[in-house]
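Spelled out, the chains give:
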Amino acid sequence: MATIVDIAVNNSAFSTLVAAVSAANLVDALQSPGPFTVFAPTNDAFAKLPGGTITTLLQNIPQLSRILTYHVAAGRYYKQDLKGQNCLASLEGSPIDLFITEGEFEVNNATVINADISADNGVIHVIDRVILMRPHWFHPIMNNRLVKA
Amino acid sequence: MLSALIWLPVLGALFTGILLPKWAKVSAIATSSIVLFLNLLLLRQFNLGEGGFQLQENLTWLDSIGLNYSLGIDGLSLPLVVLNGLITWLVVCFDREIEERKPLFYVLIFLIHSSFSGAVLSLNTLLFVLFYEVELIPIYLVIAIWGGKQKNYAAIKFLIFTAISGILILAGFLALAWLSGNGGALFDYQALQSVSLPLSTQIILLLLLLGGFAIKAPFVPFHTWLPDTYVESITPVVMMLGGVVAKLGTYGLFRFCVSLFPDAWSLLSPWIALWAGLGILYGAVTAIAQKDIKRMVAYSSIGHMSYILLAAAAGTPLSLVGGIAQMVSHGLILALLFDLVGIIEKKVGTRELDVLNGLLNPLRGFPTISALLILGGMASAGIPGMLGFIAEFLVFQGSFVKFPIPTLLAILGTGLTAVYFVILLNRTCFGKLDNATAYYPKVFRSEQIPALVLTSIIIFLGIQPQWLTAWSETVATQITDRLPSVTIAQTPSPSSFRK
Amino acid sequence: MLTSQLPPSTHPFADIIHRLEQGGSMLPDTEENLMQIIGLYKAYAVPMDFYWRDLLYIAEQVFLDPLPAFKYFLPQEYLDLANHYAGETADLRIWRGYSTAHQELLDFMAKGELKTKIPKLFHHLYHDRINMEFAEECMRAMFWHRNMGGLLEPYMDSEEYKQNADRAIRAYFQGNPIMLGLYRLFPEMFLEQCRQATMYSVLGLFWEVMAPVFFEMSDIYDEGGFKGVPDAMNFLVNGIFAIAGRPIYHRVNIRGEWFDLVPKAKGFTWLYEAAFPYVEAVFYRTSPFRGTKSYNAQAQEVPTDQNDFHYGVLYADKFPVASAGIPPTLLHQDMYHFLPPYLIDYYQKFCRGKDDMLIQLAVSFQRSMYNVTSAVIQAGRAAFLYPLDDPNPRHLLANRAYFEGQLTRFANPKYGMNKAARILAIQSQNYR
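One line per chain: the protein sequences are E, W and G, in this order. Residue numbering for the first sequence follows this note's numbering, starting at 17 and increasing by one per position. Residue numbering for the second sequence follows this note's numbering, starting at 147 and increasing by one per position. Residue numbering for the third sequence follows this note's numbering, starting at -17 and increasing by one per position.
Just so you know, the hints here were simulated from the structure itself, not pulled from any lab data. Please note: incorrect hints may appear among the correct ones.
In silico BS3-like cross-links for lysine-lysine, where the CA-CA straight-line distance does not exceed 27 Å [claimed, not checked]:
1) G:Lys396 x W:Lys578
2) W:Lys578 x G:Lys336
3) G:Lys331 x W:Lys492
4) W:Lys303 x W:Lys168
5) G:Lys331 x W:Lys493
6) W:Lys578 x G:Lys209
7) W:Lys578 x G:Lys275
8) G:Lys275 x W:Lys437
9) W:Lys168 x W:Lys492
10) G:Lys209 x E:Lys64
Derived coverage of chain W by chain G (criterion: at least 3 residues anywhere in the stretch with Cβ under 8 Å from a Cβ of chain G; other residues may be distant) [stated by the list, open to error]:
11) 507 to 520
12) 585 to 597
Partial selection, computed: residues in chain W whose CB lies under 8 Å from chain G [to be verified]:
13) Lys578
14) Leu579
15) Asn581
We put the beta carbon where it would ideally sit given N, CA and C, even for glycine.
Please work from the sequences and hints to get the whole structure.
Next up, the structure:
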């Protein structure tokens, strides 16, 4: 069977991701036994980012690698396994928020358009946006309700 | 010279009254400048060491009733005449408040100026009353035409009170004239000085005149006309009223009450001193209670007049010099304070203590005006370095030997003065401007000049007081020479009358 | 024009919420507002050019100097330092102009406001210079406030940072027994000074990016490229994304050798480690200025919890400008020197004209910073939430919850924060 990297390389929809992973020197890591759960953004997902974002990231490998490792979690998690949880720890360190119902599977603000693609060393879920670490103030702001004076 | 001081402004008034508004202002400025210049010349011509009246002028007028045109100046009237000239000049040259009927305004101001000068320079008691009464109508008009919301009420109140005071004074002089003249009526002041009346007569005449002048000055409890009048008058008018016209009351006190009835005066002086002390305290306490800054300054004015009463009661040379200095000091400081308060009211639109805030803000506030307000407030409270301290200190020093308790009350009043001025400054000058409402127009240099001029004079005289006190030393000694020394009283003396 | 599928919001700031949902800014979209904010961006960018260069100079060269009397005397080397986001040598050319110090800045530094050629020291002592104290105050705000998020803060407390700092301190004070002895006695103090120097670097790197952004915005406006306030805001949003990945680091030059206190390899980013902390610490919180608040604990005017501080530019009362003890006053004085001519003409027509221009520009500056905050909020929405035209109503509700949560901060009744926030004042053109 193919590793995560092989699947990505063989699918032209992941060419940007593959380029980024190579630039960040994460290829070997993603070839290793793992297992990993990877949320893989398509080329369209990268295209949604405003111009210059990728340029800057490609110039700064540690920073790029941080964004990429955020898309990876340690362990093999299929949609079924993640059903009860509302977050998952990423390799970068920050949590990934999950929203799973019968018809919907979302991570942070991205929708999983193709879930549960098995690989030798893990599983891939295809997402339609690049996900970014949510700052510590994000959830408090989302729950910030008006206090009556 | 003296006649020029009286009649030149009248001529100027006539001339100004018939001109168009824009030329009227030029003519008015010219007239007041000439008068001020004459005042300065007068300062040069006045002989410091010489006692008695100088530069006398005597014209027989209506000799049959005793009304003669006699003028003379001494160390008591000189500072007041110069004060009059200065304040009129400032009011006329730098006023920006009068929009309508400008020529009429200048006419009335000059009439007020002239009648004050006339009253203060006249050596004939009937002439004095004449000028005193003439002053009423221009002041009534100037309040009633250009005043605030309650101008008619204030103008009428002023008129009635001052008219009554005029009647009392006239009655006093008439009685004095018939009682002193052998057969005829004696209105000539210099002759009256050498008349000696029995003590009981003196007391009655003194009380008549004292009543009249106490309404004019005013002294508590005859002061009730003052807050309304001052508050309803526009800034130039209140500068004239508070700075100059009120001095007629204290002038009369020194010139007539103390000098013409020395025995009665020294008999009554302990009660008068106590009255003065209480008056100072009353003025200060009521000022603390005020929520309108112009009213606060008006009550301050009442309090500060009583210092002069205390000085007169004490009757020592030092206290009399202090009293005259206080007259000038009070005039200058009150004019300054009312000017500043008036500018604030004009720019901000309100006089309420609870609303005003943060005016020291350098960009959106009035930094210069507020700074001068702080100086003016402190000058009024008697902070050393300014004229207020000089005058008050002389009064205290001169009165303490005679009447320690009233002097202590007066000193307490000075402390309370600082209290209400600090309240005023704290609320209006310091703090934050209100973001929603603080879009005030700026203060122009020409609006600042009167305040700057007055402040410089106050500070200068505070540091070099001899420039003021030198004029009045001779007359003070002269008056005290006439007062009886300690144990002269034929009736048992009050217990507080002790050396 | 985006139409909302949702019912109207019930938030007190509903109008502003709807405007944000349509892609707008907290600042109303008028021509006057656009002119004001762009003018101030340009006026802010010129001193900012000095600030970032001097901040890096202090972080990298001055470092632990115990008596840094000349830290504001920027050497030519730093004036010539190429901005990474401007000019031909740029990593990402945000500003079409040049990468060395801005010409207006150089002109001002030569002659000052006095426009005379007296020695630089006299200009400096007379405060006729760029007021670097403001930049240091911003640095101090970022340094002092904790709970700012990002990984830099925990890193500065980590063992690795301590080792890096130790190496740098020893190298810096090599041959100086007194200072090394002091270091032996008070290691924590020296470590804290290193952390402060790191914050200098962070702020310098942050503003290195913002200056070309503002210059470019001014150029685009001059060409007529912005149709309204949302356009200007969107430029900022795109800019934020473009530079989000810029590395944040701190290195010190000690006798020609570079020592890394915060290496680039740690992966700290502009967005998480500099931008968000900056907005939180400087726009929202800072610290109460002396003379404006009672520090008396019994008076309870200053919040006990740092998170409740509300003295940043978004809450600032602009009328005490020119009063002592208020650091933003220094910034306004700096900006006053570089106002574009169209703003000077504009200000002469209102309030006291030339006399209170400092306050008028301060109010415009506050508007511009509300616009920047809106850009940060919209960028946050774009990064962590959904597009404004997302078809899924649940996603739109999440966006709305986010906007409402952000604006609720301004409606907090504690300590009078809701009265201090100027968000309602800027909705009216009459607030000057």
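Hints, one by one, checked against the model:
Among the hinted pairs, lysine 396 (chain G) with lysine 578 (chain W) is consistent with the structure: their alpha-carbon atoms are about 21 Å apart, no more than 27 Å. Proximity of lysine 578 (chain W) to lysine 336 (chain G) is assessed by CA-CA distance (about 22 Å); at most 27 Å being required, the pair is judged to hold. Proposed proximity of lysine 331 (chain G) and lysine 492 (chain W) is supported: the alpha carbons are some 22 Å apart, at most 27 Å. Between lysine 303 (chain W) and lysine 168 (chain W) the alpha-carbon distance is near 33 Å, which puts this suggested pair outside the 27 Å criterion.
Between the alpha carbons of lysine 331 (chain G) and lysine 493 (chain W) the distance comes to roughly 19 Å, so the proposed pair stays at or under 27 Å and holds. Annotation: proposed proximity of lysine 578 (chain W) to lysine 209 (chain G) is violated, straight-line Cα distance about 38 Å (limit 27 Å). For the hint linking lysine 578 (chain W) to lysine 275 (chain G), the alpha-carbon distance of about 11 Å falls within 27 Å, and the restraint holds. This hinted pair checks out: lysine 275 (chain G) and lysine 437 (chain W) have alpha carbons roughly 26 Å apart, not beyond 27 Å.
Straight-line distance between C-alpha atoms of lysine 168 (chain W) and lysine 492 (chain W) comes to about 22 Å, which keeps the hinted pair within the 27 Å bound. Our distance criterion of 27 Å between C-alpha atoms is met by lysine 209 (chain G) and lysine 64 (chain E), whose separation comes to about 23 Å. With 4 residues bearing a CB less than 8 Å from a CB of chain G, the segment 507 to 520 of chain W meets the requirement of three and the coverage assertion stands. Taking a C-beta to C-beta cut-off of 8 Å, the segment 585 to 597 of chain W contributes 3 residues in contact with chain G, enough for the three needed, and the coverage statement holds.
Below 8 Å, beta-carbon pairs count as interface contacts, and lysine 578 (chain W) has one with chain G at about 7 Å; its hint therefore holds. Against a cut-off of 8 Å between C-beta atoms, the interface hint on leucine 579 (chain W) holds, since the closest Cβ of chain G lies about 5 Å away. For the restraint placing asparagine 581 (chain W) at the interface with chain G, the shortest Cβ-Cβ distance is roughly 6 Å, inside the 8 Å limit, so the hint holds.
The structure fails to meet hints 4 and 6 from the earlier list, while all remaining hints are met.
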